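With chain A fixed as given, assemble chain B onto it according to the hints.
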Amino acid sequence: MDSSKPHLRNYQMFPGHATFYLKGHFQSAGKRSYSLLVFAAIAVPAGLFFGFTAPWIWNNVSQSLPIVFSYILLLCVMSLVRSAGSDPGILPRNIHIETSDTEKREAGPLNIAPLSVTVNCRQYDEDRPLYLPINYCTVCRIWRPARAIHCRDCDSCIDFMDHHCVWLNNCIGARNYRYFFCFILSLSLLAYFMATLCFLHVLTWRHRKLSTTIAAVRFAPVSFALAIYGVLGSIYPTALALYHIFLMSRGENTREFVCIDQ
Amino acid sequence: MASSINPISPDGPPPDERPLQIADPRWLPSITHRDYFRTHAENPHVPVGSLGASRTRIVRIHRDYVYPRESNTPAFTPQFPGYPLSVFMTEIEFLDLVHEVNDQLDQAFYPLSLGNMLDGCIGFLTCWLCEIVYTSYHKRKSLELERFLEKLNEEVYKARGIKVISPRRTAYLSLDIQVPYPFIRPEREQNI
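Protein chains in written order, with our numbering: chain A, 1224 to 1485; chain B, 343 to 534.
Chain A extracted, bound-state conformation:
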């Protein structure tokens, strides 16, 4: 973020809906935020894990497993913070002013600028030229690049917008996408790993003490609960991660996949 004047930073003059924290380093769309809920849904089980399961595994099974878990947890939390707080590629306003206010008063019926222009794009096939419509956004007053979309929740045009994520309270666009993908990938890995380690805790105890499963669960109820939570909690992130891998293999956006009629 560069300063436009000596004493003001860009985010202080920002006309869209985004709210900024931490001197402009963390931004969020203006609506009600579920991102703290998401953070709690990750942090609380992780805390319980470190309190109950990790010491047993550290002492009795292997010391490297909790370390790997902490690494994946750090990756997940940092990706969450970055994808919920960083700029998705918000395009600044008023770059391409087509009719200024003074010109509008003098404008006759012939002086209206077009709002959409068709442009050639790179041809892969010699005989079939490809065309793209380039639209003008009247709210942001710019000619939007090919894959940019105006998001109503963020009230800005976002470059290569994927979708507006309600959980993270931020749009996912060009600059954000890697953090988002890393977040859902590491979240699903975290859920699997936590479930595995918690089941390991319960089942290893049962194996070593040659006891029954019920007694093992009674020995480590928190671990068992965390294991169930891990299994259930891995469903949604895994589905998202697989969906995004599929989209990436097609080179598409979420929006393009949903909106294009095949």
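Read the hints as simulated data drawn from the structure, not as lab findings.
Remember, predicted model here, so these are calculated numbers, not experimental data.
Among the hints, a few may not be true.
Straight-line distance between alpha carbons at most 25 Å, and here's what the computed SDA-like set of lysine to any residue pairs gives [what the hints assert, rightly or not]:
| hint | chain 1 | residue 1 | chain 2 | residue 2 |
| --- | --- | --- | --- | --- |
| 1 | B | Lys-483 | A | Pro-1315 |
| 2 | B | Lys-481 | A | Met-1301 |
| 3 | B | Lys-483 | A | Ala-1369 |
Ranges between beta-carbon positions, derived for each pair [stated by the list, open to error]:
| hint | chain 1 | residue 1 | chain 2 | residue 2 | range |
| --- | --- | --- | --- | --- | --- |
| 4 | A | Pro-1356 | B | Met-459 | 24 to 34 Å |
| 5 | A | Ser-1293 | B | Leu-393 | 54 to 64 Å |
| 6 | B | Gly-457 | A | Phe-1273 | 31 to 41 Å |
| 7 | B | Asn-495 | A | Gly-1474 | 34 to 44 Å |
| 8 | A | Val-1284 | B | Leu-467 | 22 to 32 Å |
| 9 | A | Tyr-1294 | B | Leu-460 | 15 to 25 Å |
| 10 | B | Arg-502 | A | Tyr-1294 | 51 to 61 Å |
| 11 | A | Ser-1287 | B | Glu-492 | 47 to 57 Å |
| 12 | B | Val-498 | A | Arg-1398 | 30 to 40 Å |
| 13 | A | Ser-1287 | B | Gly-457 | 29 to 39 Å |
For every residue, glycine included, the Cβ atom is placed at its ideal position computed from N, Cα and C.
Here is chain B on its own, set in the frame of chain A:
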């Protein structure tokens, strides 16, 4: 829209000989500036109503979707917009400028280049903490482009009265060239 450049030019080999343009019959010129209806526009980079606003206009070089090898890389069309830019710049100089800017942008934004891939991998492995420590390759290259344009403005274009506005200010949406209004070069003004 073939540009009418004299191939026997004293400035060196003409830009037409770049292999991408002439030899490849599939390359169609991207857009005509006429499609965008106006050859010059109000300057949004100076405060409204100031002296700068009434004395400068912007010639916009729009984005091009044929030139870059990766669809999300910004690139600007090498089509010369004619008057009023022709007063301040020859077509060859314009093409040199646009091709240089496009090459540097391609270097900065191409996602499969070594620098960008390394940034991504190291960022992933260090849980994105590496970005606190050093500036990414993409940002370094964008800043290099900005410094190149500043230097060009200072050395060459200031004397003619024009200024190329850094694409970082326009979010790489268009290459804006600020020209003085009315469209007269300052050195010619002094002769009057």
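For each hint, the structure was consulted:
{"no.": "1", "hint": "B:Lys-483 to A:Pro-1315", "result": "holds (21 Å)"}
{"no.": "2", "hint": "B:Lys-481 to A:Met-1301", "result": "holds (21 Å)"}
{"no.": "3", "hint": "B:Lys-483 to A:Ala-1369", "result": "holds (23 Å)"}
{"no.": "4", "hint": "A:Pro-1356 to B:Met-459: 24 to 34 Å", "result": "holds (32 Å)"}
{"no.": "5", "hint": "A:Ser-1293 to B:Leu-393: 54 to 64 Å", "result": "holds (60 Å)"}
{"no.": "6", "hint": "B:Gly-457 to A:Phe-1273: 31 to 41 Å", "result": "holds (37 Å)"}
{"no.": "7", "hint": "B:Asn-495 to A:Gly-1474: 34 to 44 Å", "result": "holds (37 Å)"}
{"no.": "8", "hint": "A:Val-1284 to B:Leu-467: 22 to 32 Å", "result": "holds (25 Å)"}
{"no.": "9", "hint": "A:Tyr-1294 to B:Leu-460: 15 to 25 Å", "result": "holds (20 Å)"}
{"no.": "10", "hint": "B:Arg-502 to A:Tyr-1294: 51 to 61 Å", "result": "holds (57 Å)"}
{"no.": "11", "hint": "A:Ser-1287 to B:Glu-492: 47 to 57 Å", "result": "holds (51 Å)"}
{"no.": "12", "hint": "B:Val-498 to A:Arg-1398: 30 to 40 Å", "result": "holds (33 Å)"}
{"no.": "13", "hint": "A:Ser-1287 to B:Gly-457: 29 to 39 Å", "result": "holds (33 Å)"}
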